[in-house]
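First residue of the sequence shown? That's 1 in my numbering, and the numbers climb one at a time after it.
It is possible that part of the hints are untrue.
[Unchecked claim] Simulated pairs of lysine to aspartate or glutamate, EDC-like, Cα-Cα distance not exceeding 20 Å:
hint, residue 1, residue 2
1, K104, E91
2, K104, E118
3, K104, D129
Derived from the structure by calculation, the hints contain no laboratory data.
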Amino acid sequence: MREPLAAIPNPNRVFVDTSAYFALYNAGDFFHLNAVTVIETARRRLFTTNFIVAESHALLLRRLGRAVAALFLDEIYRSGTVIIRISDADERRARVIIATHDDKDYSLTDATSFAVMERLRIGTAFTFDRHFGQYGFALLGPDEP
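Starting from the given sequences, assemble the full structure and let the hints guide the process.
This is the structure we're talking about:
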């Protein structure tokens with residue numbers, strides 16, 4: 001049976017996760033070169049959430065310092081990446097995802113990302129976080145530039 005049109009992922013959209021941003025901004029990260037290649041060759045519309053922006057900023061600030069964290073904020077808001085604000089419905093869906101996948105250690109940020117990806121029909125994530133693959137999304141990451 002065919003999926004309803006609304007359930008078919010849009011192949012021109014990619015969701016960007018914190019792990020991808022960290023790899024992009026940290027030249028010492030194991031995945032840095034792969035992340036740079038992915039971002040330079042991805043010819044798709046990039047999406048993320050305000051939760052991912054906040055999480056990425058905090059991680060970059062803690063690990064790489066204020067200057068890198070400030071650069072990230074400046075670049076993300078000028079980049080053309082679509083930043084989706086998490087809605088109440090996204091948070092409710094995230095709590096359902098966490099509750100129904102009690103064998104996984106999905107964070108609230110992961111689960112809200114999944115909820116947004118479902119809502120916007122984004123089937124691919126640019127991430128180095130295994131949780132996105134576990135949930136069933138296609139990955140742009142370690143093995144797929």
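How the hints compare with the structure:
1. With a CA separation close to 18 Å, the supplied pair K104 and E91 stays within the 20 Å bound.
2. With a C-alpha separation of about 18 Å, the suggested pairing of K104 with E118 holds against the 20 Å cut-off.
3. For a cut-off of 20 Å, the pair hint linking K104 to D129 stands: about 13 Å separates their Cα positions.
Every hint from the earlier list agrees with this structure, and none is contradicted.
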